[in-house]
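Turn these sequences into a full structure, and let the hints guide you.
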Amino acid sequence: MTSESRITVDGLIKRFGDFVALDGISFAVGAGEIMGFLGPNGAGKSTLIRILCGLLRPSGGQASVAGIDVASDPEGVRRRIGYMSQKFSLYGDLSVVENLRFFGGIYGVPRSALDGQVAFVVEMAGLQGREDSLVATLAGGWKQRLALGAAILHRPSVLFLDEPTSGVDPQSRRRFWDLIHRLGADGVSVLVSTHYMDEAEYCNRIALINRGRLITLGTPHEIKARSVAGELLAVEAEDVGRAIAALREAPGVRNVAVFGRLLHVVVDDAAARASELKARLNALGMAGVRTERILPTMEDSFVHLVGRAGRSPEGAA
Amino acid sequence: MADVVVEARGLSKRFGALTAVDRLDFTVRRGEIFGLVGPDGAGKTTTMRMLASVMLPDDGQIEIDGIDVLRHPERTKQHVSYMPQRFGLYEDLTVDENIRFYADLFEVPPQVWRSRADAMLTASDMTTFRARLAGQLSGGMKQKLGLICALVHTPGVLLLDEPTTGVDPVSRREFWEILYGLRGEGVAMVISTAYLDEAERCDRLALLHRGAMVHCDTPAGLKARMPGAMIEIMAADPRPLWEIVRTLPGVKEVLLVGTGVHAHVDDADRRLPEIEQAIGAAGVAASRIARVSPSIEDLFVALLELNGKRD
Ligand SMILES: Nc1ncnc2c1ncn2[C@@H]1O[C@H](COP(=O)(O)OP(=O)(O)OP(=O)(O)O)[C@@H](O)[C@H]1O
Ligand SMILES: Nc1ncnc2c1ncn2[C@@H]1O[C@H](COP(=O)(O)OP(=O)(O)OP(=O)(O)O)[C@@H](O)[C@H]1O
Ligand SMILES: [Mg+2]
Ligand SMILES: [Mg+2]
Numbered sequence: 001m002t003s004e005s006r007i008t009v010d011g012l013i014k015r016f017g018d019f020v021a022l023d024g025i026s027f028a029v030g031a032g033e034i035m036g037f038l039g040p041n042g043a044g045k046s047t048l049i050r051i052l053c054g055l056l057r058p059s060g061g062q063a064s065v066a067g068i069d070v071a072s073d074p075e076g077v078r079r080r081i082g083y084m085s086q087k088f089s090l091y092g093d094l095s096v097v098e099n100l101r102f103f104g105g106i107y108g109v110p111r112s113a114l115d116g117q118v119a120f121v122v123e124m125a126g127l128q129g130r131e132d133s134l135v136a137t138l139a140g141g142w143k144q145r146l147a148l149g150a151a152i153l154h155r156p157s158v159l160f161l162d163e164p165t166s167g168v169d170p171q172s173r174r175r176f177w178d179l180i181h182r183l184g185a186d187g188v189s190v191l192v193s194t195h196y197m198d199e200a201e202y203c204n205r206i207a208l209i210n211r212g213r214l215i216t217l218g219t220p221h222e223i224k225a226r227s228v229a230g231e232l233l234a235v236e237a238e239d240v241g242r243a244i245a246a247l248r249e250a251p252g253v254r255n256v257a258v259f260g261r262l263l264h265v266v267v268d269d270a271a272a273r274a275s276e277l278k279a280r281l282n283a284l285g286m287a288g289v290r291t292e293r294i295l296p297t298m299e300d301s302f303v304h305l306v307g308r309a310g311r312s313p314e315g316a317a
Numbered sequence: 001m002a003d004v005v006v007e008a009r010g011l012s013k014r015f016g017a018l019t020a021v022d023r024l025d026f027t028v029r030r031g032e033i034f035g036l037v038g039p040d041g042a043g044k045t046t047t048m049r050m051l052a053s054v055m056l057p058d059d060g061q062i063e064i065d066g067i068d069v070l071r072h073p074e075r076t077k078q079h080v081s082y083m084p085q086r087f088g089l090y091e092d093l094t095v096d097e098n099i100r101f102y103a104d105l106f107e108v109p110p111q112v113w114r115s116r117a118d119a120m121l122t123a124s125d126m127t128t129f130r131a132r133l134a135g136q137l138s139g140g141m142k143q144k145l146g147l148i149c150a151l152v153h154t155p156g157v158l159l160l161d162e163p164t165t166g167v168d169p170v171s172r173r174e175f176w177e178i179l180y181g182l183r184g185e186g187v188a189m190v191i192s193t194a195y196l197d198e199a200e201r202c203d204r205l206a207l208l209h210r211g212a213m214v215h216c217d218t219p220a221g222l223k224a225r226m227p228g229a230m231i232e233i234m235a236a237d238p239r240p241l242w243e244i245v246r247t248l249p250g251v252k253e254v255l256l257v258g259t260g261v262h263a264h265v266d267d268a269d270r271r272l273p274e275i276e277q278a279i280g281a282a283g284v285a286a287s288r289i290a291r292v293s294p295s296i297e298d299l300f301v302a303l304l305e306l307n308g309k310r311d
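Protein chains in written order, with this note's numbering: chain A, 1 to 317; chain B, 1 to 311.
Honestly, the hints are just simulated from the structure, not real lab data.
Do not rely on the hints blindly, as some may be mistaken.
What the hints assert, rightly or not - Straight line, CA to CA, 30 Å or less: simulated DSBU-like cross-link-like pairs of lysine-lysine: (1) A:Lys-143 / A:Lys-87; (2) A:Lys-143 / B:Lys-252; (3) A:Lys-278 / B:Lys-223; (4) B:Lys-252 / B:Lys-223.
Unchecked claim - Take a look, some chain B residues computed to stay more than 10 Å from chain A by CB distance: (5) Gly-41; (6) Gly-88; (7) Phe-106; (8) Ala-134; (9) Gly-156; (10) Arg-173; (11) Ala-282.
No residue lacks a Cβ here, since even glycine has one placed at the ideal position from N, Cα and C.
Here it is in structure tokens:
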């Protein structure tokens, strides 16, 4: 691991009683890098983030953040990082600026610097015009940008965001990601977990975690290219349930998954199979069948990589 | 219509000067999944609360299974299961104990809820955690447990407020299969969601904005209402594309979507070659330029725009 790494994690283990929540995780994050954490519920993403924030002691292995060992100096780590938890809390009966001043105090921002920092955060998070609004009256997207603002008041060089955009509407999520990119451009290292696959595309690199293990690490492009074994066809058919059953039995078909109103079908050879599959569905009396070769999306990769033993991840009808 | 299960007429709710829900009219039929979508604060939760009779409207009427909800709130309780946006789990009870608690509360016979809970725990990959305290579950596991608790009792009407927030993509698929199963049994469902792929899976959608219904139709019907067309342009780095395309004539809106942009244009045949040329002239590499059918997200942006309702 290079000296430029802001976060280094080496063989990290966390046990809760007999349960192994993290099972030997290693990776490194560089300055200004935006690293996304994906993985099914219970994979260990929040546990890992809490350890890296110095909030939870590891059971084994090592991790350092901003050059400080998380096990031996958790307080030192906490002073240098920003953290927005899965359930961030703001004070509803305080205004935007009052919340920021309050969190500035908690993070130990010197009084002399506080006004300047609050102004910086208000501008950065696009909260101008709402400085005096009570937080309880703000829509979800505003609250979430304020929570991010509170986490960067002390200008940390490493930022941990645990599902920061959960339940927020698409346009607000987009604005939020613009903010993350601005921070990255300023050299802040950002580690962010999400269940929105479109957001995964906005990360420089992605770590996919499953059952406490890192199962793949790479750029979004690399992960998509390596995870889907074959080529992909999008198939549109009216009777989705019957189409799935018919496609599963067709030669050359490796996997069928539902994506909204479309089916994503992994085949050995897209060019050759497209017309075959269409003919097969037509022969069953299905009209309006369309097929198109597509590139795998991040959700395709997720479904294929995380597909659990003994169950069909695509959830057939 | 005989199979209308939920009917709202002129439903309104004000908080002081704010109109949170503004004269909504809609019906939900047996075996229909009715989606409420709209930006944060659009009034989805407030609407659900009134349907669940945990909040009284200021104006309007609600009928569920022919019963006037405002006049007889207690009589509809057995017809409705409501999963609030923040579901109340008992953190000091185990997964199994929570399910049992809700099953008892709704007087679901053990043989019914046991098999249902088994199936849903399997679908959410939680069977090995039945004895774990709810307080020790991960965020998404808590959400899934809340959904299971709300579904152990399945009356004629299900109200689900953002049930899959924080739930991973594989489990979300499984839950939609469960919802489709319930639809097959004739359950009427009202569901709000911030995931637009889920909106696409609903039978009908109500697009809410500042409490009012902007549009209500099937996903396909809504798409047909979108004026103009969508052009998709893919590139390894979509940001430069976005910068260029948004300035071109005939382009109303450009959205970044993962590894490309969606441009909403007035006329695809005319603008596609123009866009292609402008991108080429700027020296930006694009891997694909094609007319595509709009996504639900494209549609919402366009429809809100059309109605002059952008913030
Ligand atoms: N008890 C209340 N008192 C005052 N205002 C309220 C109350 N409940 C909701 N509001 C306001 O009513 C509006 C609609 O809120 P609602 O929670 O129904 O929106 P929503 O569509 O569910 O949003 P989200 O996507 O963030 O969950 C918002 O402006 C909200 O701030
Ligand atoms: N205090 C605890 N005691 C016992 N088990 C725990 C405790 N905290 C977490 N766990 C378990 O560790 C595992 C990992 O949880 P974690 O919260 O890290 O998952 P996650 O990847 O963040 O999931 P989600 O996507 O749902 O947020 C889960 O099985 C969880 O139940
Ligand atoms: Mg988590
Ligand atoms: Mg809500």
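So, going through the hints one by one against the coordinates:
1. A:Lys-143 / A:Lys-87: 12 Å, holds
2. A:Lys-143 / B:Lys-252: 29 Å, holds
3. A:Lys-278 / B:Lys-223: 25 Å, holds
4. B:Lys-252 / B:Lys-223: Cα-Cα ~16 Å, so holds.
5. Gly-41: The claim breaks: Gly-41 (chain B) does not keep its Cβ more than 10 Å from every Cβ of chain A (closest is about 4 Å).
6. Gly-88: 14 Å, holds
7. Phe-106: It holds; Phe-106 (chain B) is separated from chain A by about 25 Å at its closest Cβ, greater than 10 Å.
8. Ala-134: 13 Å, holds
9. Gly-156: 23 Å, holds
10. Arg-173: Per Cβ check, Arg-173 (chain B) is inside 10 Å of chain A; nearest 4 Å; violated.
11. Ala-282: 21 Å, holds
Violated hints, listed in ascending order, are 5 and 10; each of the other numbered hints is respected by the structure.
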